[in-house]
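According to my numbering, the first sequence is numbered sequentially starting from 615.
Think of the hints as simulated: they come from the structure by calculation, not from any bench. Honestly, I wouldn't trust all of these hints.
[Stated by the list, open to error] When the alpha-carbon atoms are kept at most 30 angstroms apart in a straight line, the in silico DSS-like pairs for lysine-lysine are as follows: (1) Lys668 to Lys720; (2) Lys637 to Lys717; (3) Lys637 to Lys671; (4) Lys717 to Lys667; (5) Lys725 to Lys694; (6) Lys720 to Lys638; (7) Lys653 to Lys721; (8) Lys653 to Lys638; (9) Lys720 to Lys653; (10) Lys694 to Lys720; (11) Lys653 to Lys694; (12) Lys721 to Lys667.
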Amino acid sequence: MRCEGKRLVTSLTENYEFQRVYKKGQSYPGRYAVLYYLKTNRATVRMGITATKKIGKACVRNRARRLIYENMRLVMPAMKPGCDVVVVARNAIVGSDFFALGKELKKLLQKAEAFSDE
RNA sequence: UGAGUAAAACAGACAGUCGCGGGGAAAACAGUUUUUGUUUUCCAUGAGGAAAGUCCGGGCUUCACAGAGCAAGGGUGCCGGUUAACGACCGGUGGAGGCAACUCUAAGGAUAGUGCAACAGAAAAGAACCGCCGGAUGUUUCGCAUUCGGUAAGGAUGAAAAGGCGAGGUAAGAGCUCACCGGCAAUCCGGAGACGGAUUGGCCGUGUAAACCCCACCCGAAGCAACACAAGACUGCACGAUAGCUUGCUCGGCUGUGCGAAUUGUGGCUUGAGGUAAUCAGCAAUGGUUAUCCUAGAUAGAUGGCUGUCGAAUACAGAACCCGGCUUACAGUUUUGCUCAUUCA
RNA sequence: GGAGAAGUACUCAAGUUGGCCGAAGAGGCGCCCCUGCUAAGGGCGUAGGGCGGGUAACCGUCGCGAGGGUUCAAAUCCCUCCUUCUCCG
Numbered sequence: 615m616r617c618e619g620k621r622l623v624t625s626l627t628e629n630y631e632f633q634r635v636y637k638k639g640q641s642y643p644g645r646y647a648v649l650y651y652l653k654t655n656r657a658t659v660r661m662g663i664t665a666t667k668k669i670g671k672a673c674v675r676n677r678a679r680r681l682i683y684e685n686m687r688l689v690m691p692a693m694k695p696g697c698d699v700v701v702v703a704r705n706a707i708v709g710s711d712f713f714a715l716g717k718e719l720k721k722l723l724q725k726a727e728a729f730s731d732e
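Using the sequences and the accompanying hints, generate a full structural model.
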């Protein structure tokens, strides 16, 4: 298993943090990716992205990570503060469309009730 | 024009907008002797031809200097050159393929020695099983049997059978003799050499060295997760002759009141056998000189998204100390040299 | 990033001085014994992959991760690639 975080204002880095989200958080599977969501007492949203070696070579993993990162970045300001999010890429993400992935991530986040009320 | 062959270049571009890495500048705040940290704004900049596989060769670092000797082990293998070095590259020689351009080639030694060659076959290395021929003996219906010789032309086996093929020759045969071809040796000529050519001689015991080996040349070991400096939880070990370190052994030498060590930070970390252009030397690889340029340096790991235009933008694919090669993956576009075929002049 | 090891029937595997090797052995499968029945245990037997040919017995050919090479002959020797696993802070 290879885990890769993402440089964000606040991002998950250490392996134990990922493990905590996997174990204690809720999971929401999708076609392109799996979302793990865990509420915390912090005032910020923290995110981590995982792309295992299963998905492909280094270049493919980079591509997957960037697509997820870009989508999450656009969605982030609408989210409730105080949670840890881990997105795990799945095989189907190879060659997927940017907008399709964005739609799915939004749906998963809605399921997790991560968005703040307007 | 078509087919082929060799080499080289590119690897989407431009504009707008949101976002990321490190760098520089300015401002504000915290703190303050300098310094440093955070935030905001602006500026220029930011993956490859293979960044890959890690198959070779170096630089660099540590092992005190990277040293001495011996042994073992490993590598390379036609010749000459290039290079920091190489198993790479360039030019040739021999061999193989192609009408040709051109391509491929681990290509030293089998009379230095040892081993192996299953099955089949008389025999797998100094070969008489059958056959052929001659002599003797027996039987004597001219043949057969036994025995002693000669013989590698023929036979069956096998991947491979004792130079090939033809003629002469002979009891039958045989490089026994001769012509041509192959291979070997000597001499002469050409070449820097591998080697090529000519003449003469003699008539020549298979294959395997990517089996051991012989000959010639080369190699100390590990690797940036190396290592250096600073801090150092834990208290684990040693405390004056042992311990540890350098592939093995011998020598030589080092460490020391500290050693080991989770972990953290900084350095190593990008100016280099560098690129570009011109010119000179060389067939070329490459080298010299001059001018000019500075072009990622992250540390969970930065290049992405959207919109528009171009006829179409789509392959393989992401730096992690740095270079020189090799190998492997790869959509498409462009240019140049050469060869063959066809048509026209 | 670097260093190393392995790959053979469905599974675990033996076999590398090159030769009767498609391949020992075990699990497996079938039958029998044991038991009221099953499991376990014991005994006996058996197929071993693909393609082609043959009524069948059987024969030919390709297969030891993949592709080349050396050799008369390669699971074994040499080269290149693929996959899996381990170690180094």
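Each hint tested on the structure:
no., hint, in the structure
1, Lys668 to Lys720, "holds, 25 angstroms"
2, Lys637 to Lys717, "holds, 26 angstroms"
3, Lys637 to Lys671, "holds, 27 angstroms"
4, Lys717 to Lys667, "holds, 25 angstroms"
5, Lys725 to Lys694, "holds, 13 angstroms"
6, Lys720 to Lys638, "holds, 22 angstroms"
7, Lys653 to Lys721, "holds, 18 angstroms"
8, Lys653 to Lys638, "holds, 9 angstroms"
9, Lys720 to Lys653, "holds, 18 angstroms"
10, Lys694 to Lys720, "holds, 14 angstroms"
11, Lys653 to Lys694, "holds, 10 angstroms"
12, Lys721 to Lys667, "holds, 26 angstroms"
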